[in-house]
Amino acid sequence: MVGADKIPADLKDGRLLVMTNTGHGKQTLLKEFKVQKRGGSGIKAANITKKTGPLMVSKVLDGSQQEIIAISKQGQIIRTNISEIPTIGRATQGVKIMKLKEGDGLASVTCL
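Read in order, the letters of the sequence shown are residues 1237 to 1348 in this note's numbering.
Among these hints, one or two may not hold up.
Claimed, not checked - Computed Cβ-Cβ distance ranges for the label pairs, DEER-style:
| no. | residue 1 | residue 2 | range |
| --- | --- | --- | --- |
| 1 | 1310 | 1246 | 21 to 29 Å |
| 2 | 1238 | 1338 | 34 to 42 Å |
| 3 | 1269 | 1289 | 28 to 36 Å |
| 4 | 1241 | 1307 | 16 to 24 Å |
| 5 | 1298 | 1324 | 13 to 21 Å |
Honestly, the hints are just simulated from the structure, not real lab data.
Glycine included, every Cβ here is placed at the ideal spot set by N, Cα and C.
Given the sequences, and given the hints that come with them, work out the whole structure.
Printed below as a string of structure tokens:
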């Protein structure tokens, strides 16, 4: 499990931003995730491969956020518009958002 977040019932066009250890990321519409009740076993948010590495970040976006700041373990920082991150399906890998050096990995992402 990467994270959990409360989603307001009135959020119509919400998206889930996920990013992996190797800097891959994507947005997925929240309506692609079915609501589960007690005993649910989770829902796959992304295809995980050796190329993408494990999921590191998941953030619910309500439309008020405009940019992300991503920080690597070795201190590399990028700032990019959320509109530049593609909105694609749940069972996909995403695209390279942050180009990291050998041995580096994603540490944190903040939405502004």
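Tested hints:
For residue 1310 and residue 1246, the hinted distance range of 21 to 29 Å is not satisfied, since their beta carbons lie about 41 Å from each other. With their beta carbons about 24 Å apart, residue 1238 and residue 1338 fall outside the hinted range of 34 to 42 Å. The supplied range of 28 to 36 Å is broken by residue 1269 and residue 1289, whose beta-carbon atoms lie about 22 Å from each other. Restraint check, residue 1241 to residue 1307: a C-beta distance of roughly 20 Å satisfies the suggested window 16 to 24 Å.
Taking the beta carbon of each, residue 1298 and residue 1324 are about 19 Å apart, inside 13 to 21 Å as hinted.
Figure legend: structure checked against the earlier numbered hints; hints not met, in rising order: 1, 2, 3.
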